[in-house]
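Enquirer: Can you make the complete structure from the sequences, with help from the hints?
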Amino acid sequence: MAIQRIFLIAAGSILFFAVSAQARLQVPAPSGLTALNYLLMDADSGTVLTEKDADERVEPASLTKIMTAYVVFRELQSGKLSLTEEVLVSEHAWRTGMTGASRMYIDVNSLVKLEDLIRGMVVQSGNDAGVALADRSAGSEAAFVDVMKAQAQAMGLTNTRFQNSHGLP
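Residues in the sequence shown are numbered consecutively from 3, following this note's numbering.
Hints may contain errors.
Said to hold, decoys possible - With a cut-off of at most 27 angstroms between alpha-carbon atoms, the simulated DSS-like pairs for lysine-lysine come out as follows:
| # | residue 1 | residue 2 |
| --- | --- | --- |
| 1 | Lys-115 | Lys-151 |
| 2 | Lys-115 | Lys-82 |
| 3 | Lys-115 | Lys-54 |
| 4 | Lys-82 | Lys-151 |
To be verified - Label pairs and their in silico Cβ distance ranges:
| # | residue 1 | residue 2 | range |
| --- | --- | --- | --- |
| 5 | Ser-142 | Pro-171 | 17 to 25 angstroms |
| 6 | Ala-103 | Leu-42 | 24 to 32 angstroms |
| 7 | Leu-51 | Val-110 | 41 to 49 angstroms |
| 8 | Gln-155 | Leu-85 | 41 to 49 angstroms |
| 9 | Leu-35 | Thr-86 | 24 to 32 angstroms |
| 10 | Gln-155 | Gly-102 | 31 to 39 angstroms |
| 11 | Gly-81 | Thr-52 | 37 to 45 angstroms |
| 12 | Ala-103 | Gln-155 | 21 to 29 angstroms |
| 13 | Glu-58 | Glu-88 | 26 to 34 angstroms |
| 14 | Leu-159 | Leu-35 | 34 to 42 angstroms |
| 15 | Pro-30 | Glu-58 | 46 to 54 angstroms |
| 16 | Ala-145 | Val-110 | 15 to 23 angstroms |
| 17 | Met-100 | Thr-49 | 28 to 36 angstroms |
Calculated directly from the structure, the hints in this document are not laboratory data. Quick reminder that beta carbons are idealized off the backbone N, C-alpha and C, glycines included.
Expert: Shown next, in the form of structure tokens:
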């Protein structure tokens, strides 16, 4: 009887502390958050703290511009591109800016410093600037999308989809 009692106390203590530790790790959903999808992860451990439909496919919209900027910054770092070089704005980039979406308002066949295109894409969310950067970086937006996809794969991003440099359908 004494052994059973000791066993029950020990097992109960282990169970209590295990449940307590698990309870500490669970993070409740943020109150007032209206996002359809989100994920909060501990960067050090990789532990997902909370999420909502994190694996559901959604249109990336301006998140695509983050990958566009990342690829451009890597090319700046490697010396392939220069902040001070002037980029010729293609008709394709100009037309992309005319679709009613966010744009930098750059003119077709104008020369714009690469640094200004980055600023126009990141600050103004200019789709035309994103396409101009893609054209300069890879020769065409389609070729740039292939570079974005390869970079995502190299980063271990397995559930991404890029169709252009700005993210709109």
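Enquirer: A separate judgement is required for each hint: does it hold in the structure or not?
Expert: For each hint, the structure was consulted:
no., hint, in the structure
1, Lys-115 - Lys-151, "holds (26 angstroms)"
2, Lys-115 - Lys-82, "holds (15 angstroms)"
3, Lys-115 - Lys-54, "violated (41 angstroms)"
4, Lys-82 - Lys-151, "holds (19 angstroms)"
5, Ser-142 - Pro-171: 17 to 25 angstroms, "holds (19 angstroms)"
6, Ala-103 - Leu-42: 24 to 32 angstroms, "holds (29 angstroms)"
7, Leu-51 - Val-110: 41 to 49 angstroms, "holds (47 angstroms)"
8, Gln-155 - Leu-85: 41 to 49 angstroms, "violated (27 angstroms)"
9, Leu-35 - Thr-86: 24 to 32 angstroms, "violated (42 angstroms)"
10, Gln-155 - Gly-102: 31 to 39 angstroms, "holds (32 angstroms)"
11, Gly-81 - Thr-52: 37 to 45 angstroms, "holds (41 angstroms)"
12, Ala-103 - Gln-155: 21 to 29 angstroms, "holds (27 angstroms)"
13, Glu-58 - Glu-88: 26 to 34 angstroms, "violated (42 angstroms)"
14, Leu-159 - Leu-35: 34 to 42 angstroms, "violated (23 angstroms)"
15, Pro-30 - Glu-58: 46 to 54 angstroms, "violated (20 angstroms)"
16, Ala-145 - Val-110: 15 to 23 angstroms, "holds (20 angstroms)"
17, Met-100 - Thr-49: 28 to 36 angstroms, "violated (45 angstroms)"
In terms of the numbered hints stated before, the structure departs from hints 3, 8, 9, 13, 14, 15 and 17, listed from lowest to highest.
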